[in-house]
Structure formats: structure tokens, C-alpha cells
Amino acid sequence: MLDKKTLPAKQAIKKQESLQHASSWNPAQKHTGMTAIMIFAMCFLFINNALASPEIQHWKTQNGAEVYFVPSNDLPMVDVRIVFDAGSARDSENKNVLAGTALMTNGLLAEGAAGDDAQILAEKFEAVGAAFGNGALKDMAWLSVRSLRDDKYLQPALINLKNILSFPDFNKNAFKRELERLKISVKAGKQSPGNIASLRFFKELYGDHPYAQPSTGTEESLQQLKLKHLKAFYKNYYVAKNAVIAIVGQLTTNEAKKIAAELVADLSAGKHAKPLPEVKALTEAKTVHIDFPSRQSTVLMGQVGLARGDADYYALYLANHAFGGSGFGSRLMEEVREKRGLAYSTYSYFSPMRAAGPFQIGLKTRNDQLEDAMKIIHEELNKYITSGPDKDELQDSLKNITGGFPLRIDSNKKIAEYLSVIGYYKLPLDYLDTFVGHVNAQTKVKVDEALRRRIHPDKMLTVIVGAKNEN
Amino acid sequence: MKLKKISAALALSGLLMGLAACQTNPATQSAVAGAELKTSVSQSGVHSFNLSNGMKVLVKPDHRSPVAVSQVWYKVGGSYEYAGVTGVSHALEHMMFKGTKNLKPGEFSEIIAANGGSENAFTGKDYTAYFQRISSDRLELCLRNEADRMRNLQLSEIEFKKEIEVIKEERRSRTDDSPTSLTYERFNAAAFINSSYQQPIIGWMEDLDSMQLSDLSAWYQTWYAPNNATLVVAGDVDPQQIKVWAEKYFGALKPSKITPPKPRREVDQMGERRITVKVPAKVPYLLMGYKVPVLKTLISENKNIDDVYALEVLAGVLDGGQSSRLSKTLVRKKEIASSAGAGYDPYARQQTLFLFDGSPRAGHTAKELEMAIKKQITEIQNTAPSTAELNRVKAQVMASSVYEKDSVFYQAMQLGTLETVGVGWKKKDDYLEKIQQVTPQQVQAVAKKYLIDDRLTVAILDPQPIDTNQSRASRAAGGRHAR
Numbered sequence: 001m002l003d004k005k006t007l008p009a010k011q012a013i014k015k016q017e018s019l020q021h022a023s024s025w026n027p028a029q030k031h032t033g034m035t036a037i038m039i040f041a042m043c044f045l046f047i048n049n050a051l052a053s054p055e056i057q058h059w060k061t062q063n064g065a066e067v068y069f070v071p072s073n074d075l076p077m078v079d080v081r082i083v084f085d086a087g088s089a090r091d092s093e094n095k096n097v098l099a100g101t102a103l104m105t106n107g108l109l110a111e112g113a114a115g116d117d118a119q120i121l122a123e124k125f126e127a128v129g130a131a132f133g134n135g136a137l138k139d140m141a142w143l144s145v146r147s148l149r150d151d152k153y154l155q156p157a158l159i160n161l162k163n164i165l166s167f168p169d170f171n172k173n174a175f176k177r178e179l180e181r182l183k184i185s186v187k188a189g190k191q192s193p194g195n196i197a198s199l200r201f202f203k204e205l206y207g208d209h210p211y212a213q214p215s216t217g218t219e220e221s222l223q224q225l226k227l228k229h230l231k232a233f234y235k236n237y238y239v240a241k242n243a244v245i246a247i248v249g250q251l252t253t254n255e256a257k258k259i260a261a262e263l264v265a266d267l268s269a270g271k272h273a274k275p276l277p278e279v280k281a282l283t284e285a286k287t288v289h290i291d292f293p294s295r296q297s298t299v300l301m302g303q304v305g306l307a308r309g310d311a312d313y314y315a316l317y318l319a320n321h322a323f324g325g326s327g328f329g330s331r332l333m334e335e336v337r338e339k340r341g342l343a344y345s346t347y348s349y350f351s352p353m354r355a356a357g358p359f360q361i362g363l364k365t366r367n368d369q370l371e372d373a374m375k376i377i378h379e380e381l382n383k384y385i386t387s388g389p390d391k392d393e394l395q396d397s398l399k400n401i402t403g404g405f406p407l408r409i410d411s412n413k414k415i416a417e418y419l420s421v422i423g424y425y426k427l428p429l430d431y432l433d434t435f436v437g438h439v440n441a442q443t444k445v446k447v448d449e450a451l452r453r454r455i456h457p458d459k460m461l462t463v464i465v466g467a468k469n470e471n
Numbered sequence: 001m002k003l004k005k006i007s008a009a010l011a012l013s014g015l016l017m018g019l020a021a022c023q024t025n026p027a028t029q030s031a032v033a034g035a036e037l038k039t040s041v042s043q044s045g046v047h048s049f050n051l052s053n054g055m056k057v058l059v060k061p062d063h064r065s066p067v068a069v070s071q072v073w074y075k076v077g078g079s080y081e082y083a084g085v086t087g088v089s090h091a092l093e094h095m096m097f098k099g100t101k102n103l104k105p106g107e108f109s110e111i112i113a114a115n116g117g118s119e120n121a122f123t124g125k126d127y128t129a130y131f132q133r134i135s136s137d138r139l140e141l142c143l144r145n146e147a148d149r150m151r152n153l154q155l156s157e158i159e160f161k162k163e164i165e166v167i168k169e170e171r172r173s174r175t176d177d178s179p180t181s182l183t184y185e186r187f188n189a190a191a192f193i194n195s196s197y198q199q200p201i202i203g204w205m206e207d208l209d210s211m212q213l214s215d216l217s218a219w220y221q222t223w224y225a226p227n228n229a230t231l232v233v234a235g236d237v238d239p240q241q242i243k244v245w246a247e248k249y250f251g252a253l254k255p256s257k258i259t260p261p262k263p264r265r266e267v268d269q270m271g272e273r274r275i276t277v278k279v280p281a282k283v284p285y286l287l288m289g290y291k292v293p294v295l296k297t298l299i300s301e302n303k304n305i306d307d308v309y310a311l312e313v314l315a316g317v318l319d320g321g322q323s324s325r326l327s328k329t330l331v332r333k334k335e336i337a338s339s340a341g342a343g344y345d346p347y348a349r350q351q352t353l354f355l356f357d358g359s360p361r362a363g364h365t366a367k368e369l370e371m372a373i374k375k376q377i378t379e380i381q382n383t384a385p386s387t388a389e390l391n392r393v394k395a396q397v398m399a400s401s402v403y404e405k406d407s408v409f410y411q412a413m414q415l416g417t418l419e420t421v422g423v424g425w426k427k428k429d430d431y432l433e434k435i436q437q438v439t440p441q442q443v444q445a446v447a448k449k450y451l452i453d454d455r456l457t458v459a460i461l462d463p464q465p466i467d468t469n470q471s472r473a474s475r476a477a478g479g480r481h482a483r
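For the protein sequence lines, the chains are A and B, in the order given.
With my numbering as the guide, the letters of the first sequence map in order to residues 1 to 471.
With my numbering as the guide, the letters of the second sequence map in order to residues 1 to 483.
Read the hints as simulated data drawn from the structure, not as lab findings.
This structure is a prediction, so every number in the text was calculated from the model and none was measured.
A couple of the hints might just be wrong.
DSSO-like mimics (lysine-lysine), calculated; alpha carbons at most 27 Å apart, straight line [as the list claims (entries may be wrong)]: (1) B:Lys-278 / A:Lys-172; (2) A:Lys-280 / A:Lys-235; (3) B:Lys-278 / A:Lys-187; (4) B:Lys-333 / A:Lys-176.
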């Protein structure tokens, strides 16, 4: 776990090696605190009538794991991803809440299994060129392998994956080592204004809901975390009925069936994790300003948004696209950046999750411009909730969403990620095929009505991290 | 080693090679093909041709999805700049979205969005590139508008006044408010003596403060011309059709007289260089860099290029996955490092750095981590790595050469980079073979030759307390860019 990507080092270099012009790709990726959630919780799926979406095959293994498969014959490779309802939202189901349990459990799997230590496990993947990945966010925890199709590479990789999944050693020394590394990662987070803001935002917005806790844990919670907590967590949540398997690659259905069955054969059936508690919305506005010696003030503003399957999802997705979801051309980008040069990046999004995920507006601006920028955001939000998108904005958004569909599924990697979202959130198999139809069925009246009903500018949570007396 | 970044031809699978070369749709091909429209096709399925004005075009068909990527690469970037105007390449890149004689500010972006596309641009040390990802049946409008802004940009003072503030916000966000990024910036400035690689791509804040529209205008006049650019198209496209469009839109543009930048080859270092960066932070951070050649410098000096591939494999032995030496020894065995990495990028115009970085575990210092990394280097210098280790690195390189075909964008990116840094896109084709040929002794030899103290620069981030009042006072004393 804690692979190099979670640490600042490589990112710092990569960021400077090449400067992106702006944030129209995925605005939230600029905000490390939210990156992971965005990628896995916000996989919006679209369909263009002209293009058939990949045909998804679905079945259950004997012991109850849900399998989603798309054959893809162009490249001699295979992606396998297994997702559990074992994210940090489950940390609170301990007798006492120990934030970081889910992440540590997931991370420790590959640190020793079936008698092989971390070194041997890594060597076994790398000797056949397989790329192993794992991680845990608020909802999902996952393990993945990308391998060449040829059985002499694929089979050893799959056996190794199965061992990691089914027979983790939970070695004491590995636990201590990884815990220490996680503590440093948590500490490093405290030198990043974006990270500080994001953690505080979730804490304030979610109160006593499990989403309030950081997936990485806190310095305090990690102090109390013991190996026995990880073992218990593993036993409860890493079970077949709590698993979704996504497979994409050069395989026949029979081959995929064999792979899926074998992968979870040694997991107990167990049961699916129970529903998460409902999220209570804030009843009044709240602003938290954390003093921090940065040049910019980081602003996160928002409220409780949508759960997966919410009836307003399509209307609000479309509404947000024009407001702050589409990068250049969105109202926030126009008003804050293009007209006034107040920020490099500004955005808004709904992050639909198992329980209601957040609606969030983000911005970073020089400390002494904070007030000006906030004023614009408030004005724009109020205006938008009152009047909604204009006809052109609605039309442009629809064109972008429908025309851009093929780009969302143009690689095996993207399809595998979408399959796990569809499986994890129990979305219908025709979700892809019907998405554009649902979006197109929205009217200005429906969008305006949903916005007014769901977004309350007078009950916004605002978290600011920056140097206070430079304002 | 950034295995995923590495390019390769398809020595792996003859079958795949055949597919890549013959996937163009014969029907559309015959409709437009003429004797003069011949393009040359490489073994990896890349079609290439030059327009009469000197612009280069590379096309990589990939018909898995009905999408395409268009990228226009200019030979200009941070390393082309000189003192006082650092950041001008990047600033101009921002202004390239601000309208032409034919389009108003932002209109190109609007057109792309309305057609379901996404677009952006990026500036590196050695290149500036503009791209669109779009449904392949809409590709023509990307080429038409890219050609338009290559020659018809309208630089407006009003737009510039706002945009330069956006760029300063970008700098604050990426660099000034990130302790590790700040350390990396100072590290580069210390490592290079006369090479322009010492300059930050985004520019020093002071230079951004004094930047004028006329600086950008001069830069645009100097570098933005068809004979200083490469068009790369990848995806569900027909090379013959691309050629027709390229001739139509870019072929009509006049070439310029391009004077290459001054050489500014890095002088001999003559001893270790070392800096400390004291900023408010929580975790110490170490950067080490050894001056090493790249493909381009060796080719220019008529030297054997094998060292480059041995350095690639060396980076793989040290940091090519979780089983590599830094993870194995420093993170897991000795538990000195919380993280430790190594990296080498052979695709640059100038001599660059073989990098190490990392953070120490609690109870250890950055200095101890430095010593531990040096010990790892010494071990390879004394004893060649094992064949098993090398085989793992080679297996990953081979597999990556297949995985990378899953991304159309990445394939275009590789071609554009190689072409623009001056080694030529064809170097991609023999990469895999070159890596496979590297021996343990060669890896040992390059470690001995290049990873020596006289080529080394060290930067250590020394975390200062995150105290708002104290750091504000120190900033007020020296910080001209707070306002």
C-alpha cells in the first residue's frame, strides 16, 4: 500500500515537469485530497446513440461474488479488478471508531501472504510484467492486476493475486512498518492546504456519519490501531458476497468465468456489508477559517449532495455541468478566472456515493483576494439557484455530454473502472445505454426545480485554509 | 524508472505488428489516395510525412474506439528561455486560447466542447503542445483551428492582464504553497550551472511580475511556425485523409526562419553541490541528482548511445516496482525511508539528472537517507546486479510496451516527445530491443561512470514550524511576490 503515488515526492516532480494549461480534464485531480474519491465515485457514464456501449456480461460465482465482464480482443492483455464494500466508511463499525482500519487492512494484504513476504510477492508479479494495484477510499477497497494475456504470464499473476486476497499473513513487523509509513503520510498531509481543507470539510459536513472520518486515519486513531483490528476487519468484509469482480480483456466468457471462480474460491461466502446510515444535511450555514501560512487561500464550499440512484441525479448532473463541472465555459470558470483572473482552478461537482456524497465548490486564490472571490461565488450560486442555466448553457452541456461519450470508454482501463462502479453501486446493466436518454429527458423546468429543491445557498458549509490577516 | 513512460516497438508479438500496419480502412484509403500522397509507414505502424513548408506529420492509426487525439508540438519550452523572461513559453501557451483573427477569446474551446471533445495544452522544458481528444468524425475542425492559431493569434493587452494573474495563481498553487515543489525548484536552480534546465518552466515570480505582452508577442513570432512544429494524430483515423487535411490547413502556412537556441551545454560540475531549503513543513524531503547524458546529447556528440539504455535499466533495478532495491532495502528491510524513489528520463534536449528522492522514517534524518541511498549505489558499483533482477526489469518494460497501447493519447505523446526533443520518433522502434540487450556489467559500468560525487547535487527540505505569524514576518521581509 502507500505506494509512491500517495507520497508527495514523485508528484512534486511530475507536476513541475510539465504544466497543464488548465483544469478542463478533471478539475478535482488538482486537489489531492479528493482525487481518489473523484475517480472512483464520480465515474459518470454516457452513451451516444451512434455508438454501442460495450456489452456487459454479468453472473455470480458459486459463493456469491458478482462478476462483470467485457471481452476486448484488440490487445493481448487482461485487467482484473476486485472491489469490496470495505472502504473507510466501515471503520466506524468497529466497537470503537478507528479511522485508517480499512486502508491499513487493504494495504497489508500484499505485505505478506501464503508464506511469501512482500518482497517475494512483488517479485512474482514483476517477473511476469504484471502490474498490481490496491487501495481503499470511503466506499470501495480494491485489488487489481493488469497482465499480458499469454498464460505463462497471466496464470502466475492470478495465482499471486489470489494468495494475496485469500491468505494474507498479517505479519506483525509488516504491520508496524506500514503503520509508521501511514503516520508520515498523514503528517505530510498537514503541510498541504488543500488536504487540510478537504479533511475539515468532510469532518464538518458529515458530523457523526462514517464519511466524516479520513480514510488515512488520524495521528490519534493510528496510535490505537492494532493488528487484531485489521484481522477482524478482513474477516468481516473480504468475503465473496461483499465482492464485485470486473474483468476486461482478451478472454472468452468461459475463461473469464474460470478466472473469477478461482479468484474467490477460497474466500468464505460471508455476507454483504450492511447499509450505511443516512446522512443528515446541515441545518444552517457554517464557516471555518483555518489560519495557515500559505500564499493562497483554499476554499471548499458545499453541502450534502447525492447518493447513487437518487432520482435527481440526471437533472443535477446536467445542472452542475454548466455551473462548474465542465471546466472552461462553465459559469465558475468564466466569472472567476476568465473575466477576473482571480484563480487558476475553480470547479463544482456532485460526488454520488453509497450514502449521500458531497456537492462541492472549490477555489484557490491569493489571500488578499479571498473576499472578492467569495463574493463572486456566492453571487453566481444564488443567481444559478434562482434562475438556473439558460437555454444555450443547457444545449451546450447536452452536446458536450452526448458527443463526448466515446471518450469515456476508449480504453480497457476505463471500461474496467466503470464495470466496478456499475457492480459496486448495483447500477442496472443498461446504465450506459440509457444514460444519454435520461440526460436528454431533462428540461429546463426539471433542472431548475431540482436545483431549488436540493441546493440551499443559505445552508452552505465553507472551509477556508489560508493566511488570515492578509485578507 | 518510469516504466509506464517508456516507449517500445512490438518485438514482443509479430502478430500485433502485422495488425498495426494494415488496419487502415482500405475503402476510405482508395477514395483519396493519389500517387503524391504516399506516406512512409514504420514497423510500429506510424505513418510519417512532411509538408512542403517543413511541418512534420505523424499518424498512428488505432481503430479500437471511434475516437482520435490531435496534438501539435512546438519546439519551444522553458529551456529555450533566457534570464528575465522565464515562464514566457508557458504564458504564451495560456494566451493561445485567447482568440485569433477568426475566433474570439475562448471560442476554439467552445467549439471543441460543443462537439463533445476535451482539449488542453502543456508546456515542458523542451516543448509546448496543444491537444484535443474528440470523436474521430469531428477531427477536421481541430486541425483547422490549430492551424489558425499557429499563425493568426491575436494577443490582447486586456486578456493578458487577467491571464498573467491566473498564471501567478497557478504558480502559487503548484509551487509556492507546496514544500516539496519548492524544494525541487531550488534543487534544479542549484544543480545546473549554465544550462537552461536550471529555470522553472512556470517562471520565477519576479519574471512573471515584469512580463509584458510584447515578450509573448516576440516569442510567438520567433517560434510558432509550421517548420518548427509536429502534428501527431492517433486513433481511429485514415492516414491518407489526415494528409489531405494537413496539406489543406497547415500546408498553406508560411514557414519562418528558425534560429535554434544557443547551445548552453552544461559545463563540468567539478565537485558536489548542496543546498538546504527551509520552509514551513512537516516532513523532511531529500532530492539527489547526478548529471547524466540523454539520447540527444550522445547522438549529437557521435557517441555510443548504449549508456542511455543501461541507465534506464539501472533506474529499473533501483525503483522499477515494489521488488526493486530501494523499496526492498530502504523501505522494508532497513526501514530508513518512508518513501524512496529513483528516476531517469532519456528524452530531453540537454544533459539531465538521474534523480533520487525520498522522505525518512520517523527517527531518521534526510542525511541518513542520503547515506543509505549512496550505499545502494556503491553496492551496484561494486557488484553487478543479478540476471534475475535484470529480467524483472526487462519483463516490465516488455509488458508496458503492450499496456501503453491501451491509451491513444499516450501513444501520441511518445511520438511527439521524441520528435520534439530532437532524437526523432523512430527511436521508439528500437527501444525494447535496446533494453533487452543491456547486460548486468553495463548497468554496473554506468553506475560507476555517472553516479559519482563530482556529478551530484543534493537538496534537503528542512521543515520549519508551521506558525502563521512567524512565517508571515519572514515573508514580509523578503517576499516581493506576496502581493
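Output the indices of the hints that this structure fails to meet, ascending.
Hint check: 1, 2 fail, others pass.
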